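Which chain is which? The protein sequence lines are V and S, in order. FYI, in my numbering the residues of the first sequence are 11 to 555. FYI, in my numbering the residues of the second sequence are 6 to 194.
These are calculated hints, taken from the structure and not from any lab test. Computed from a prediction, not measured in an experiment: that's the story for all the values here. Among these hints, one or two may not hold up.
[Claimed, not checked] FRET-style restraints, in silico, Cβ to Cβ:
hint	chain 1	residue 1	chain 2	residue 2	range
1	S	Gly159	V	Lys429	31 to 37 Å
2	V	Val236	S	Ala86	41 to 47 Å
3	V	Ser124	S	Arg178	36 to 42 Å
4	V	Glu302	S	Asp166	37 to 43 Å
Ideal placement from N, C-alpha and C gives every residue a C-beta, glycine not left out.
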Amino acid sequence: MSAEESTDVLVVGSGFGGAITAYHLAAGGARVVVLERGPWLEGKDFEHDFLLGSSYTRVFDFVAGDGMSVLSGNCVGGGSVVYFAALPRAPRFVFERHGSIGRRMWPAALSRDSLDPWYDRVAEAIPVRKQDWSDVTYAGGLWAAACHHAGRTANPVPSGVDNSLCTNCNWMMAGCRFDAKQSLLLNYLPGAVAHGAEVRPLHEVQRIERTDDGGYRVHYDHVDGVDYRVHTGSGTITAKIVVLAAGAGATPVILQRSEEGLGALPHAVGRYFSGNGERLNTAVVNEDRVREVLGLDRGDGRAYLANQIGKGPVVASWDRLDAALPEYERFSLEQLYFPPGLGTILAQAAGPAGSPSWFGVAKKEMLRRWQSWLTVFEMVEDDNEGVFGPPPPTGNAYRISQQMLGRGTLSYQPTANTKRAWALADAEVKDILERDGLATVTPWTNDVVGAYTVHPLSSCRMGDDPATSALDDRHELRGHPGIFVTDGSAVPGALTVNPAMTIAALAERAVPGIVEAARARGVQVTYGAPLPGSGTTGPMVRSAP
Amino acid sequence: MRSGDSDDRRSRTATLESFADTIVPGEKRTPDDRAIAGAATGGGAVAAGAVELLEQPAPGLAAGLDHYAAGLNAHAEAYAAEHGVDLETGLPAFVALPFEHRTALVARLTAPGHPEKDGWVLLALFCTMAFDTAPHMRTADALAAGHPGLATMGFAPPQADGLWRFGEFSYGRQLADLHPATTPSGSPA
Numbered sequence: 011m012s013a014e015e016s017t018d019v020l021v022v023g024s025g026f027g028g029a030i031t032a033y034h035l036a037a038g039g040a041r042v043v044v045l046e047r048g049p050w051l052e053g054k055d056f057e058h059d060f061l062l063g064s065s066y067t068r069v070f071d072f073v074a075g076d077g078m079s080v081l082s083g084n085c086v087g088g089g090s091v092v093y094f095a096a097l098p099r100a101p102r103f104v105f106e107r108h109g110s111i112g113r114r115m116w117p118a119a120l121s122r123d124s125l126d127p128w129y130d131r132v133a134e135a136i137p138v139r140k141q142d143w144s145d146v147t148y149a150g151g152l153w154a155a156a157c158h159h160a161g162r163t164a165n166p167v168p169s170g171v172d173n174s175l176c177t178n179c180n181w182m183m184a185g186c187r188f189d190a191k192q193s194l195l196l197n198y199l200p201g202a203v204a205h206g207a208e209v210r211p212l213h214e215v216q217r218i219e220r221t222d223d224g225g226y227r228v229h230y231d232h233v234d235g236v237d238y239r240v241h242t243g244s245g246t247i248t249a250k251i252v253v254l255a256a257g258a259g260a261t262p263v264i265l266q267r268s269e270e271g272l273g274a275l276p277h278a279v280g281r282y283f284s285g286n287g288e289r290l291n292t293a294v295v296n297e298d299r300v301r302e303v304l305g306l307d308r309g310d311g312r313a314y315l316a317n318q319i320g321k322g323p324v325v326a327s328w329d330r331l332d333a334a335l336p337e338y339e340r341f342s343l344e345q346l347y348f349p350p351g352l353g354t355i356l357a358q359a360a361g362p363a364g365s366p367s368w369f370g371v372a373k374k375e376m377l378r379r380w381q382s383w384l385t386v387f388e389m390v391e392d393d394n395e396g397v398f399g400p401p402p403p404t405g406n407a408y409r410i411s412q413q414m415l416g417r418g419t420l421s422y423q424p425t426a427n428t429k430r431a432w433a434l435a436d437a438e439v440k441d442i443l444e445r446d447g448l449a450t451v452t453p454w455t456n457d458v459v460g461a462y463t464v465h466p467l468s469s470c471r472m473g474d475d476p477a478t479s480a481l482d483d484r485h486e487l488r489g490h491p492g493i494f495v496t497d498g499s500a501v502p503g504a505l506t507v508n509p510a511m512t513i514a515a516l517a518e519r520a521v522p523g524i525v526e527a528a529r530a531r532g533v534q535v536t537y538g539a540p541l542p543g544s545g546t547t548g549p550m551v552r553s554a555p
Numbered sequence: 006m007r008s009g010d011s012d013d014r015r016s017r018t019a020t021l022e023s024f025a026d027t028i029v030p031g032e033k034r035t036p037d038d039r040a041i042a043g044a045a046t047g048g049g050a051v052a053a054g055a056v057e058l059l060e061q062p063a064p065g066l067a068a069g070l071d072h073y074a075a076g077l078n079a080h081a082e083a084y085a086a087e088h089g090v091d092l093e094t095g096l097p098a099f100v101a102l103p104f105e106h107r108t109a110l111v112a113r114l115t116a117p118g119h120p121e122k123d124g125w126v127l128l129a130l131f132c133t134m135a136f137d138t139a140p141h142m143r144t145a146d147a148l149a150a151g152h153p154g155l156a157t158m159g160f161a162p163p164q165a166d167g168l169w170r171f172g173e174f175s176y177g178r179q180l181a182d183l184h185p186a187t188t189p190s191g192s193p194a
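Throw the hints in and build the complete structure from the sequences for me.
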């Protein structure tokens, strides 16, 4: 009988929370193993193809819940591979939010000022670039011009895209073929691998149990590379430290399933889930009015007709990110692109009253004008009203399709605060885009798969109050020393902007505490490695699957 | 026996086609087409390959298609009785249901609170995807073949190497004032 495998640090998930911690711990000398449930794809593996089984469906997860569906990464690099690389910092007022608990949600140790040095590190490592108006796509330009026409401001959004490599193909949700999007595959992960971290794709962690020596045993399944419903084996690894970063849709589910082997969990595990207050609107623009009212012309006779062209979101309106406004009245409005399918199914046609809006005759007519669509993404303050039910037997969902689609246990019934915030944001979008006949705007329906978020947060959140937070301000799971949670589930609440930058900064900030805990458990590790970059990383070498 | 099996299969296909045609309507293939109601011009979800997609293993619905078709027809019979609609005999009940009634029934089956909502939404999602993304084909091949959904939406074709690149992408000028509280790094304050 062979000895059970052991490591110093076991990292669950390879998105921002996993890759950043894995890099620093490996660079500091710890033995690090990263288990990632999805496949390991890079560069040329990323296809421009909607075919089921192409990279587009291999790297994504769409989990439908009761009142909320969650879209997230399912691959080495996690959300960074499938996201749009919009990397703004969260506005100052966000850290002062009270949300549903009537007092400050964030730990006292955290504020915009205290997080800014960590934001700076991430900005250097990714790197994050300011965007110029010459980088702004037609869709972003249209949104900016409409905002200006309505007396609003609009900003190019800081981004992790290297515009010198970008082809504006808008396939970035399937992974960037051209390495223009600076995902974790190009910085922290190759850095971690160069320092000896082992990244194992298609290893889905199911549960964690405590060992007699105060460490942890992590149980995983091998997932088939084509049919994710099929598990081909299983194994265990023991570790002195566990970093949970499976994503806010999965981390709490792993913990729920682990309760028997870990003992009682904090009440906030699997509660206080936030969809980052997200909601989408689709505008179908009147091409003539865009030319006449906004003076836009592509130079070839077309005013817009450019929904397909670009690199996701590039321009946002931040007028309502005003600290003087009451909570639940602050939001950002960001131009966005979703590919057909994910971006079309829930869009509602402005048909006659009583007729179906998301399918049928009127919807088909709306689809005929797809190149004239402009999608606007609202990020409001929600009420952390999501709760996870009992965990499914494996993973974080009952998988339906071979890839991508599953049914999860999340229940999200929006409160009056959240509904009102969405209504305010809807009205603002309508006011901007329907002005002078520029467009017809409708919100996406919440009646089909519930609300829809690409930024799940807060399901295992940090805070100072043990009753309403699962983690202390060092990201350690209350009552379970040596387990740290560093993904979006640690973020206390909705951020009113894209959260990747904040998740990454929090992960950077968590590392010194994890190093300290590891050292206390006898791991030979130091903190202080330079950020990953051309001087510290070599070419990425895939570990054996 | 064989003939009975193929009759069942034809009935199942026609029923699923009628459902797909309710989601994204299209024009009739022949004047006597019954599954497709002809409620819209151009190809709809059926011509886009919805049934072919549903029958593939990847979506995960293939094993349940008999059940889906039977369920649709049972609901159609109940609906027809409730609304006093006479259904033509010799056709699956859902196929025999006039288009506006198919639409009303699908709206009911997919509405919040219906006990079977999840299943019908799932079927509708794949019918929509067949039209919007042709996920049963290589996208470049689908475009080259004139896939009705991608063509209707005006989805631009790739370059010769099968990849998409747009050399012209920007109006190239400042189109709004920046928020006054923008930080030097370009973030909100």
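task: Compare the structure with the hints numbered earlier in the document and write down the numbers of the violated ones, lowest to highest.
output: none
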